[in-house]
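Residue numbers (our numbering), protein chains in the order written: chain G, 1 to 409; chain C, 1 to 409.
Heads up, a few of these hints could be off.
Which copy is meant is left open, because identical chains are indistinguishable; a pair holds if it fits in one copy or across any two.
Stated by the list, open to error - 20 Å max Cα-Cα, derived EDC-like pairs, lysine to aspartate or glutamate:
no., residue 1, residue 2
1, K29, D320
2, K30, D320
3, K72, E110
4, K72, E383
5, K30, E383
6, K30, D348
7, K72, D108
8, K17, E171
9, K17, D337
10, K390, E171
11, K29, E66
12, K390, E111
Rather than coming from a laboratory, the hints here were simulated on the basis of the structure.
There are 2 protein chains.
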Amino acid sequence: MPVNLQPPAVRDLLPVKGVLLGTAEANIKKPNRKDLLVIQIDPMSTVAGVFTQNRFCAAPVIVAREHLAAGKGIRALVINTGNANAGTGEPGLAAARATCAEAAAMLDCEEAQVLPFSTGVIMEPLPLARLVAGLPACMANLRADNWHDAAQAIMTTDIVAKAVSRQISIEGATVTVTGIAKGSGMIHPNMATMLGYIATDAAVSHHLLQQMVTQAADASFNCITVDGDTSTNDALMLIATGKSSAPAITETTSEGYAQLQAVVTEVATLLAQAIVRDGEGATKFITVQVEGGSSVAECKQIAYAVARSPLVKTAFFASDPNLGRILAAIGYAGVADLDVQRIRMYLDDVLVAEHGGRAASYREEDGQRVMQQSDITIRVMLERGAASAKVWTCDFSYDYVKINASYRS
Amino acid sequence: MPVNLQPPAVRDLLPVKGVLLGTAEANIKKPNRKDLLVIQIDPMSTVAGVFTQNRFCAAPVIVAREHLAAGKGIRALVINTGNANAGTGEPGLAAARATCAEAAAMLDCEEAQVLPFSTGVIMEPLPLARLVAGLPACMANLRADNWHDAAQAIMTTDIVAKAVSRQISIEGATVTVTGIAKGSGMIHPNMATMLGYIATDAAVSHHLLQQMVTQAADASFNCITVDGDTSTNDALMLIATGKSSAPAITETTSEGYAQLQAVVTEVATLLAQAIVRDGEGATKFITVQVEGGSSVAECKQIAYAVARSPLVKTAFFASDPNLGRILAAIGYAGVADLDVQRIRMYLDDVLVAEHGGRAASYREEDGQRVMQQSDITIRVMLERGAASAKVWTCDFSYDYVKINASYRS
Numbered sequence: 001m002p003v004n005l006q007p008p009a010v011r012d013l014l015p016v017k018g019v020l021l022g023t024a025e026a027n028i029k030k031p032n033r034k035d036l037l038v039i040q041i042d043p044m045s046t047v048a049g050v051f052t053q054n055r056f057c058a059a060p061v062i063v064a065r066e067h068l069a070a071g072k073g074i075r076a077l078v079i080n081t082g083n084a085n086a087g088t089g090e091p092g093l094a095a096a097r098a099t100c101a102e103a104a105a106m107l108d109c110e111e112a113q114v115l116p117f118s119t120g121v122i123m124e125p126l127p128l129a130r131l132v133a134g135l136p137a138c139m140a141n142l143r144a145d146n147w148h149d150a151a152q153a154i155m156t157t158d159i160v161a162k163a164v165s166r167q168i169s170i171e172g173a174t175v176t177v178t179g180i181a182k183g184s185g186m187i188h189p190n191m192a193t194m195l196g197y198i199a200t201d202a203a204v205s206h207h208l209l210q211q212m213v214t215q216a217a218d219a220s221f222n223c224i225t226v227d228g229d230t231s232t233n234d235a236l237m238l239i240a241t242g243k244s245s246a247p248a249i250t251e252t253t254s255e256g257y258a259q260l261q262a263v264v265t266e267v268a269t270l271l272a273q274a275i276v277r278d279g280e281g282a283t284k285f286i287t288v289q290v291e292g293g294s295s296v297a298e299c300k301q302i303a304y305a306v307a308r309s310p311l312v313k314t315a316f317f318a319s320d321p322n323l324g325r326i327l328a329a330i331g332y333a334g335v336a337d338l339d340v341q342r343i344r345m346y347l348d349d350v351l352v353a354e355h356g357g358r359a360a361s362y363r364e365e366d367g368q369r370v371m372q373q374s375d376i377t378i379r380v381m382l383e384r385g386a387a388s389a390k391v392w393t394c395d396f397s398y399d400y401v402k403i404n405a406s407y408r409s
Numbered sequence: 001m002p003v004n005l006q007p008p009a010v011r012d013l014l015p016v017k018g019v020l021l022g023t024a025e026a027n028i029k030k031p032n033r034k035d036l037l038v039i040q041i042d043p044m045s046t047v048a049g050v051f052t053q054n055r056f057c058a059a060p061v062i063v064a065r066e067h068l069a070a071g072k073g074i075r076a077l078v079i080n081t082g083n084a085n086a087g088t089g090e091p092g093l094a095a096a097r098a099t100c101a102e103a104a105a106m107l108d109c110e111e112a113q114v115l116p117f118s119t120g121v122i123m124e125p126l127p128l129a130r131l132v133a134g135l136p137a138c139m140a141n142l143r144a145d146n147w148h149d150a151a152q153a154i155m156t157t158d159i160v161a162k163a164v165s166r167q168i169s170i171e172g173a174t175v176t177v178t179g180i181a182k183g184s185g186m187i188h189p190n191m192a193t194m195l196g197y198i199a200t201d202a203a204v205s206h207h208l209l210q211q212m213v214t215q216a217a218d219a220s221f222n223c224i225t226v227d228g229d230t231s232t233n234d235a236l237m238l239i240a241t242g243k244s245s246a247p248a249i250t251e252t253t254s255e256g257y258a259q260l261q262a263v264v265t266e267v268a269t270l271l272a273q274a275i276v277r278d279g280e281g282a283t284k285f286i287t288v289q290v291e292g293g294s295s296v297a298e299c300k301q302i303a304y305a306v307a308r309s310p311l312v313k314t315a316f317f318a319s320d321p322n323l324g325r326i327l328a329a330i331g332y333a334g335v336a337d338l339d340v341q342r343i344r345m346y347l348d349d350v351l352v353a354e355h356g357g358r359a360a361s362y363r364e365e366d367g368q369r370v371m372q373q374s375d376i377t378i379r380v381m382l383e384r385g386a387a388s389a390k391v392w393t394c395d396f397s398y399d400y401v402k403i404n405a406s407y408r409s
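All chains should be built: construct the whole structure from the sequences, respecting the hints.
The structure is reproduced here in structure tokens:
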């Protein structure tokens with residue numbers, strides 16, 4: 001079960017002026033589930049995004065990048081679950097383009113104004129006919145208050161839907177930010193099998209919007225890992241419709257810029273953490289915080305070595321303060337000149353290790369107490385600089401293996 | 001159960017002239033099991049080794065390196081299981097030194113002529129008194145035909161003991177090579193929680209012996225991964241007693257050098273593969289072979305990305321040819337200019353992927369047939385050069401989680 005994560009309440013998800021959402025049961029992989037989503041956005045909106053770094057990026061990722069680069073203004077996003085259209089070669093590209101063309105015809109816009117997204121099993125042909133047959137139903141139920149349905153329609157092995165809304169006031173005008181995301185396995189930085197869509201009714205120039213989504217991703221989705229695998233399909237999109245009455249944000253010095261950046265990052269962070277809390281088989285949510293490094297890069301390197309270690313993750317699953325495994329992971333992280341004598345390690349408020357070994361004050365029952373919690377912070381102090389980094393992960397359980405050994409069937 | 005791995009037969013393990021082995025039940029962690037081993041070697045032997053790259057290297061690793069560097073000639077190795085004496089700070093170093101001093105006193109040699117090794121749980125104080133109390137029993141049963149007992153005495157979560165012997169003829173003289181190893185979890189290159197001891201009665205100069213063990217490790221123990229964790233304690237030691245009648249090997253051009261290098265590498269490779277076959281919870285032995293790369297480094301990088309992917313490993317556990325996961329791992333391995341269109345991937349003899357997607361000739365039942373096997377080769381052809389690399393790994397099962405969630409208790 002997800003770790004301290006409640007499904008979103010319909011009433012908490014605020015419509016974003018200029019955004020309509022419609023879902024359908026298209027039978028992409030299985031019947032009787034919402035598996036297709038269309039997000040329609042008003043003309044003059046700006047859209048920016050960040051995508052997977054995987055060299056085997058999926059066909060929809062290639063097409064979405066092309067269409068964004070075409071600069072014709074995006075009018076719709078089409079997202080299917082059940083099939084990733086990845087590792088599908090030329091036919092896969094053709095299917096992604098055909099998806100956009102069909103949606104564009106229904107919405108009376110150009111093919112290059114539609115962005116396609118897919119998630120699900122890889123290396124299987126996209127069932128294009130079924131997807132296209134589902135589009136009219138999506139179009140028929142386009143509604144502004146449909147975020148909850150939308151969050152459900154993009155789930156794969158997710159147990160709970162992920163969605164969050166925030167409102168801020170910029171120069172007296174209310175600005176809304178609502179986001180949805182999916183993902184629970186294969187989660188690693190650079191956004192593995194993770195899809196996220198955040199929309200705001202603020203007006204933001206395209207250049208700034210790109211900067212905003214990149215920064216938000218770096219502070220959120222690029223700080224999580226479930227199993228270290230990076231997917232072929234990840235994308236985080238940020239949509240700004242400009243339908244609020246707040247003044248347009250065109251410079252980093254614009255009124256409201258910092259505020260909007262902060263709230264977009266907050267929404268992205270909550271969605272990213274929700275993905276970890278719903279990590280496949282997760283029973284614990286673990287924050288790995290590395291401080292006192294000589295660079296952010298080395299702090300991240302160490303944090304990821306700890307967060308990715310199957311031995312660390314199984315020890316957390318067992319609630320066993322087998323904390324030497326954390327020290328071992330710090331040691332093999334690849335920071336060549338690390339002086340392990342200077343490192344201090346805390347489990348929440350409990351000092352576990354210093355001077356290259358177990359702290360004299362450490363008592364097993366204190367470690368045991370923290371390990372029983374469902375939210376735990378591992379704090380590593382390197383004492384060699386002022387940089388820090390934080391990574392979120394979950395433990396590794398029987399259910400992880402079960403889910404991933406049976407995902408296709 | 002181990003994958004296609006039989007325990008060694010006592011009669012197959014050949015004594016090495018100049019080497020005696022003695023074991024004892026020292027109650028390091030649990031009663032009623034052999035957990036202490038002394039390997040006594042004749043004067044004038046040469047000894048060389050390679051050790052873990054982990055920055056948190058264990059106390060015995062630090063002391064063993066010191067004693068090798070002292071150059072006084074090694075007379076004994078003391079190996080305990082049940083406790084790794086790692087993450088134990090100054091008291092751990094003192095315990096490792098005391099172990100050597102006690103053994104040296106019994107063998108009438110210097111402390112710096114003894115090498116200590118430990119494996120087991122980390123961050124727990126080494127029970128030095130029990131270890132020392134066990135040494136006389138080891139000394140009392142020192143025998144040349146004790147390799148089988150020795151292999152058993154160094155096991156931790158290993159299910160079967162790992163030992164192998166080979167004989168070659170150099171200029172008409174018989175030369176024996178016998179090796180033992182332990183390790184089954186936390187296995188990754190740079191020899192994670194892996195201990196290996198190979199002895200030969202050939203005479204080899206120290207400089208050449210170091211080169212020989214480094215090359216052997218690179219081709220064997222540094223090509224395996226079970227869970228990607230690198231331990232604090234790993235060591236592979238090579239002992240040459242010079243008691244055979246073959247001429248001494250002092251140059252790479254010496255008669256028998258290439259032959260001995262080959263057989264030492266063969267023994268090391270069989271031991272390393274045995275570790276993977278006995279990988280924690282393993283049900284399949286997987287060879288990942290990457291060919292046609294522009295450098296060995298990039299081939300290894302890709303091979304390890306595939307071999308370490310929890311998603312790939314759980315798919316193999318399920319015998320599910322969910323082969324897109326392999327493509328995804330190739331894609332995120334970090335080779336920036338990889339042209340995925342050119343890659344071909346085989347599962348044994350079955351062409352699975354080409355032109356960026358599933359091969360036209362691929363049939364699910366062919367993939368399914370190979371996945372049912374217990375030994376499987378993934379072959380990735382990059383078509384961008386002549387370099388290649390091979391990595392051995394195993395699948396990821398329920399039992400991996402079970403073993404590692406309960407290892408300490």
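Exercise for the section: Check each numbered hint from earlier against the structure, then list the numbers of those it violates in ascending order. Expected result: 4, 5, 6, 9, 10, 11 and 12
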